[in-house]
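As given, the protein sequences belong to chains L, H, X and G, one line each in that order.
Position 322 of the first sequence, counting from 1, maps to 322 under this note's numbering, and the rest follow consecutively.
Position 207 of the second sequence, counting from 1, maps to 207 under this note's numbering, and the rest follow consecutively.
Position 418 of the third sequence, counting from 1, maps to 418 under this note's numbering, and the rest follow consecutively.
Position 84 of the fourth sequence, counting from 1, maps to 84 under this note's numbering, and the rest follow consecutively.
Do not rely on the hints blindly, as some may be mistaken.
[Said to hold, decoys possible] A few chain G residues facing chain L, derived, Cβ under 8 Å: (1) A175; (2) T251; (3) V253; (4) L259; (5) R288; (6) S419; (7) T423; (8) D429.
By construction, these hints were calculated from the structure, which means they are not laboratory data.
Computed from a prediction, not measured in an experiment: that's the story for all the values here.
From the three backbone atoms N, C-alpha and C, an ideal C-beta is built for every residue, glycine too.
Number of protein chains: 4
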Amino acid sequence: MTESEAERGSAYPPISEQLDDVEAAREEGRRKMDWAAQHMPILEAVREEFVDDQPFEGERIGMAMHVEAKTAMLVETLAEGGAEVAVTGCNPLSTHDDVSAALDAHESITSYAKRGVDDEEYYDAIEAVIAHEPTITVDDGMDLVAAIHEDYPELIDGIVGGAEETTTGVHRLRAMDDDDALEYPVFAVNDTPMKRLFDNVHGTGESSLASIAMTTNLSWAGKNVVVAGFGYCGKGVAKKAAGQNANVIVTEVEPRRALEAHMEGYEVMPMDEAAEVGDVFLTTTGNRDVIVEEHFEKMDDGVLLANAGHFDIEIDLDALEDLAVDRYEARDGVEAYEMEDGRRLNVIAEGRLVNLAAPISLGHPVEVMDQSFGIQAVCVREMLENGDEYEPGVHEVPDELDREIAEIKLEAEGVEYDSLTDTQREYMDSWDHGT
Amino acid sequence: MTESEAERGSAYPPISEQLDDVEAAREEGRRKMDWAAQHMPILEAVREEFVDDQPFEGERIGMAMHVEAKTAMLVETLAEGGAEVAVTGCNPLSTHDDVSAALDAHESITSYAKRGVDDEEYYDAIEAVIAHEPTITVDDGMDLVAAIHEDYPELIDGIVGGAEETTTGVHRLRAMDDDDALEYPVFAVNDTPMKRLFDNVHGTGESSLASIAMTTNLSWAGKNVVVAGFGYCGKGVAKKAAGQNANVIVTEVEPRRALEAHMEGYEVMPMDEAAEVGDVFLTTTGNRDVIVEEHFEKMDDGVLLANAGHFDIEIDLDALEDLAVDRYEARDGVEAYEMEDGRRLNVIAEGRLVNLAAPISLGHPVEVMDQSFGIQAVCVREMLENGDEYEPGVHEVPDELDREIAEIKLEAEGVEYDSLTDTQREYMDSWDHGT
Amino acid sequence: MTESEAERGSAYPPISEQLDDVEAAREEGRRKMDWAAQHMPILEAVREEFVDDQPFEGERIGMAMHVEAKTAMLVETLAEGGAEVAVTGCNPLSTHDDVSAALDAHESITSYAKRGVDDEEYYDAIEAVIAHEPTITVDDGMDLVAAIHEDYPELIDGIVGGAEETTTGVHRLRAMDDDDALEYPVFAVNDTPMKRLFDNVHGTGESSLASIAMTTNLSWAGKNVVVAGFGYCGKGVAKKAAGQNANVIVTEVEPRRALEAHMEGYEVMPMDEAAEVGDVFLTTTGNRDVIVEEHFEKMDDGVLLANAGHFDIEIDLDALEDLAVDRYEARDGVEAYEMEDGRRLNVIAEGRLVNLAAPISLGHPVEVMDQSFGIQAVCVREMLENGDEYEPGVHEVPDELDREIAEIKLEAEGVEYDSLTDTQREYMDSWDHGT
Amino acid sequence: MTESEAERGSAYPPISEQLDDVEAAREEGRRKMDWAAQHMPILEAVREEFVDDQPFEGERIGMAMHVEAKTAMLVETLAEGGAEVAVTGCNPLSTHDDVSAALDAHESITSYAKRGVDDEEYYDAIEAVIAHEPTITVDDGMDLVAAIHEDYPELIDGIVGGAEETTTGVHRLRAMDDDDALEYPVFAVNDTPMKRLFDNVHGTGESSLASIAMTTNLSWAGKNVVVAGFGYCGKGVAKKAAGQNANVIVTEVEPRRALEAHMEGYEVMPMDEAAEVGDVFLTTTGNRDVIVEEHFEKMDDGVLLANAGHFDIEIDLDALEDLAVDRYEARDGVEAYEMEDGRRLNVIAEGRLVNLAAPISLGHPVEVMDQSFGIQAVCVREMLENGDEYEPGVHEVPDELDREIAEIKLEAEGVEYDSLTDTQREYMDSWDHGT
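Let the hints inform the model, and build the full structure from the sequences given.
Now the structure itself:
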């Protein structure tokens, strides 16, 4: 530990020092990770390569991620590639303590992630990670990038680069970049075709709906499901809900997305109208105040409200609290807000990311995260190998890395596909053919 | 208690005498039931009618059902209609002890259902119900009907009739009826359009898939999902899996169902071939030995095996056990059988009904059971009101009862529809119109 | 020709005597039939059997069907099985004269079907068929059965039985049967699982939508498509329209069907409300006056109105005519009715069965009719072989015939499926297995 | 006419001079255009603006497009905006002579498009358009751009810019641009979100399938439909085919697209394997030699082959011709190639773009082209208004134009949507918010 570590958050202890029965937790966490490993062929292939090549030797990787079994496989993969890794959570409710403990047991990994920490502890843990003086940052919501730029600018010189997982994080990084405030290169992992299509569409879609179904024991068939936002996440939620025989209603602010939803056959209307007919409301906008007081006032008794976006600000719970005459836990993970007229509006997982924060939730499916983390892994490798080529700012993932991951996955699935013949390649490159 | 009760299973105690903290259990059970009540408008409407009319005054109703929050609403509805009700489970793994305790707290209800009982206790509990000398039986798998006919034929004279919930139960009752061995009338609730379409298709489909997703943290997108059987349950599972972007493969033994699946766009093949390509296998046949040794031998490493039919005999676990060199819990509710060549076949919930027996499972969605139990409730009323009209044997639910439930549901959902005009009704009844 | 033939409609000439260039017509008709034959493996298998067995030797079969290439294969199959066949159309607009001519060229077939005949000619042609004194009738809309019972009761004694193809025809036959007015046995071919599911669902669904798309050059994506009736035809139209990204709205009069549509995720509302939001209206009820004056008054400019039911009475064109200030052909097969306020309501194919009567329409897809006519063919064989067993009245198609056709089809498609083992068959037949 | 016109293709006559009954053709063409106009609200709104503003006064627009009713509305819109327009076809089989004649009747439009011209006439017509010395080119397949660059480079100085409609055209333009060979700016209309999603996905998908259904009278249900290429067109064809209950098989050369198709639940395999199981083959790659000799050898009797890409080189008809022992017209628009072993492979529309070249085909649905042509129209306006800002080369359509069209469409459809509040806009622009 360096001196500066002592000054920073090093007072905050790793998870292993915070649990009563750390051995039992490690064993349970390891069992969860083994299951994930069984279904993450991409990361397995990448790990094998890393173990051989040790690309991260001498590097320190700081991570703020949802710490559960799947992410743990990325953490381990990076550690086995030679890095010292320090990791904490990126959401107080998404950490699995047992997985965190299993990670912390690895000789090259220190994990500070703990479920249910308060705001102060949350940021202490982030500072504890920063105290390791990372040379690479891996973020899910840009907490590390933000904290380093705001409070530890002296570390920036030593940082090769970073990777950011989420839509929201990338959005904010771009805004930061536009202000010339981003001082090291960060890969916008979220923006790759692989990440967007599989993680956002299939991952968010399937896991959010399954979490809600298992948390509420309610059915989708015949329900009016209002999906706020028709970005990749919204498309996934809408498609999967329709695939469970829900009647999907979409709200949007961007006319082309609104039109796209309309042309898919969904009903499109303002939230003001949707509030009157919806049975379930799912926000996926990445924006704030999507469902607010005027909407709560119009909703039916018994509606469900959940967020599949990022932060817990899409549903205005303060306004709901003000409107309510009573509030109680109707079911694990379901808070009922009772209105003066007797209507009960049921908020799931406190409006936090439902597929991570609901009591019955597991985050994204294993296979989907395998793809997403596969890209993360090769992005970190790329940053180290060719970091000089990247100016400070947000960078798209190089196309060949994204393609590499797809090839690994298809091979693992046993899916074969065609190759261009020379004649075809030549044809695609030429422009001098007539009708 | 009558003398005969003393002789029979009356030694077996109600749940309240078996739990340590019965008060806490009752409170938790009641909270679960309140949530269900909020989403069961049909049963609520029926209950209001029953409370006013007391149709079951003086009757004793014996029930063997999956005892959880939704079923509990049926039990209460019957009790509030004036009956003394005795209830036990119809599957050792599907009982929620807290709900059982909450039911047992009702002055007109005795509940013997307890999770995890062994075979002897299971049948003792059934006998304890029979010891109440029911005048009506309500079954989910015909355990009560079978036990009464086999061991307590002297009670038959006092029994007005019964109702049976499941496909499998009705199938066996019909076989019994064909042998002239069924000595009182039983409504085949399973066979109503309402029950089949909503419970089997939507209920089994959605809840089985959500249970598996939440038990395994795996995704459906791109998976080869093999659905054994294309009856109503199989159709539901296939439709909902396709709606999650799975590639669905159907196995069948009946050519018209096979053809129907083929015309829906699913792949149809024998299990022998499906075993080679499937990622997930779901049995819904109601038959035995659907997946057996020769199939296990061909499966890939990491496949999932689950049952959404009725009994745990669709997947031949004895054969799998014999083939395996190791067997361990890979995850809560997932038993991995390791083959000699290293392949791991993962069996979910011990091959029992997956949407009830998996660790993360809640049975059918609330709304679906509301429909199903609404029919049960009016069937029991019908049996008492017009029991003389029904000969011993299996009876279809009278069409007007089924229709009554649909009308109640549509009204509760606020869905309006058209009525025939007199001219239209006349036209439909006539045959003398030309081109 | 017998004397009685001379007295009846025998004055009406076969198609060959009505066409200018009968040779060209026959050649074109034969080419159409050859294409159909290439895609009708069921009928081909049945025909091979009939050619060998000559089951209809000495019989006279009277038919009133949509005379186009596919039906022609059934007509030929029956003729090649040894029958003398006389055939006419069952709808003035659905006949293909060239196919009619090609049939009439067969030495055992006389075809009277001609497109565009007026009412008098239409019934003359039916009488011409009856003049052949059929021993078997094959109907598509019960025109032959009705005409024989009303006007030629003396023929009934000589009739072994009949087969009826359509929902509407069967409905009317049942009404006739209920009045004890049906004096020979008729198979309700429409009611078989094979016919209903494949013909009504897939056939009507696909062909109606493709006809409308090709007649109007409009898209389904994003359209509000109102489907009146949620029977088998309505389900098919709704499913296929949703599969083209339409937003489907269902109107119904039967609460269980309304609920079923609601649970599928479709919007359900009365026609009164649907009229205000629909872009396309498709009637499939088999009833009359489904879309009437009050609905026309609420519709948007540019809506499409079409009928996929049976008769042209589902849309009240008289009322529409009365409301309109102008009426003109907006496009081949599209009649625009202009309202006083400038709105144009576009009626396709004069409200007749759209997949047969639209200018770009071909009736049901070949493969679907192959199944349907395969059943017709074996039903006619059954009526002759076991006619004594059938009392006058409507009869369901024996299950084994329906199953036989499914087996033939699966074999032709190369689709394999499982068989029950003895143990499984025994299990399904038993009722004495416990949990 | 200038002198240079006289030297160029001016010898080639407009359509009006080539038809026998030009008045009848014009009337019929106008009726088709009126129907299109009724369903093209975007172009109607744009036209109203152009009529007022006359943005194209003094300009000469040269167009090579599929000349049918919808395109005609774009041609008229540009003409009514003040331009002199000369137009010809971009495919010998896609022209509707009556529409061409109706256009030619407009005082500011000269149309050379004629169906069924041979190669020489085709290029003569293109030269005739070029002879008008266009200041703007609008292409569908870059025929005009190519011809001008190759043969009339002297015109380039006078050209403000162009617009290109298709994927294939844009692909070739980019290749040309990469070689620095493109000497004026061209908008890649194909690449806009609006064009890609609606035209390629919905338009190509729906119209190709409906054309094939109506040309063959075959069904999609239960068919193995092989879609070659999973770009936007392929996605549309796959989605719509699955929506008609086909079993969709995708072939691809790009691993991410292959993986995307796999994750959607489609089967992915090389064409070599697909050839053995497919019932229908649809090419959408924009490349050549997608289905070749080795594939033909493996196909089943009766398969259908069609192209929904661009040029007629995706299916290698020369190789098929060589393999065949016979070849005949099985049906209008269907050429059967008979193999030595008796198998018949049926090629639709000579392997040309099926939704334009099949006998029953209408090109894209009206509404879809309304969107596509709306963008074309505002792109041409943009090129004139701000042409100086665009360097020679391929340019993306400015985002605000694309968005403008979406807004017009939503308003026309009566679809309302939300707007960002100030707080939300500020939030989206900021990056300094914590968890």
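Here is how each hint holds up against the structure:
1. A175: Constraint on G/A175 satisfied, holds at 4 Å.
2. T251: Given a least distance of 6 Å, the restraint on G/T251 holds.
3. V253: Holds. Min distance 5 Å.
4. L259: holds (5 Å)
5. R288: holds (5 Å)
6. S419: Where the cut-off is 8 Å and the nearest Cβ of chain L is about 6 Å from G/S419, the hint holds.
7. T423: holds (6 Å)
8. D429: It holds, given that the least Cβ distance between G/D429 and chain L is near 6 Å, below 8 Å.
Consistency with the previously given hints is maintained throughout, with no hint failing.
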